[in-house]
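Sequences and hints are given; from them, build the entire structure.
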Amino acid sequence: MIRLGLFCVAVFLLSEGVDGLFDTQGPSFVVEPPPRLEFTNSRGGRVDCQAEGNPDPMVDWVAADGSPLSVIPGVRMPMGNGTLIFPPFQAEIYRQDVHAAVYKCVATNAVGSIVSRDVVVKAEINQAWI
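Residues 1 to 130, numbered by the UniProt record's numbering, are exactly what the sequence shown covers, in order.
Be aware that a few hints might be false.
[Stated by the list, open to error] Taking lysine to any residue pairs in the SDA-like style, the calculated list, with each CA pair at most 20 Å apart, reads:
#	residue 1	residue 2
1	Lys122	Ala64
2	Lys104	Asn126
3	Lys104	Val115
4	Lys104	Met79
5	Lys104	Thr24
6	Lys104	Gln127
7	Lys122	Phe29
8	Lys104	Asp65
9	Lys104	Gly44
10	Lys122	Asp23
11	Lys122	Pro78
12	Lys122	Met58
13	Lys104	Ser42
14	Lys122	Ile72
15	Lys104	Leu69
16	Lys104	Lys122
17	Lys104	Thr83
18	Lys122	Asn54
19	Lys104	Pro35
20	Lys104	Ala63
21	Lys104	Ala91
22	Lys122	Glu38
23	Lys122	Ile85
24	Lys122	Gly53
Hint data in this document are derived by calculation from the structure and do not stem from the laboratory.
And the structure:
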């Protein structure tokens with residue numbers, strides 16, 4: 001009888017472990033970024049992207065060609081939490097390849113990847129009128 005009880009416990013524990021393997025889920029967007037982000041150099045801008053899945057997906061930003069984004073201090077900061085920040089900047093620091101560009105959010109886990117729609121970023125320079 002004890003053996004039967006131990007066998008039942010072992011089968012239960014194994015089935016719980018096996019069920020856990022089938023709980024995986026590919027990423028899906030909880031917050032998908034908007035199609036456009038427009039901001040001024042005096043205010044800066046940010047765009048958010050969040051995804052869920054099992055296991056938890058990594059959320060990264062890429063350029064239109066799929067290349068990963070790097071941090072450009074004071075100009076562009078992809079954060080590890082899915083937020084892409086464009087801090088306020090002086091007009092002389094404007095970069096067309098950063099401030100007038102297309103970006104995408106990518107969420108990836110062991111099951112697969114999803115890519116957001118294009119996000120067209122446009123920074124406008126505040127001009128002082130004399």
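Q: List in ascending order the numbers of the hints, as given earlier, that are violated by the structure.
A: 2, 5, 6, 7, 10, 12, 13, 18, 21 and 24
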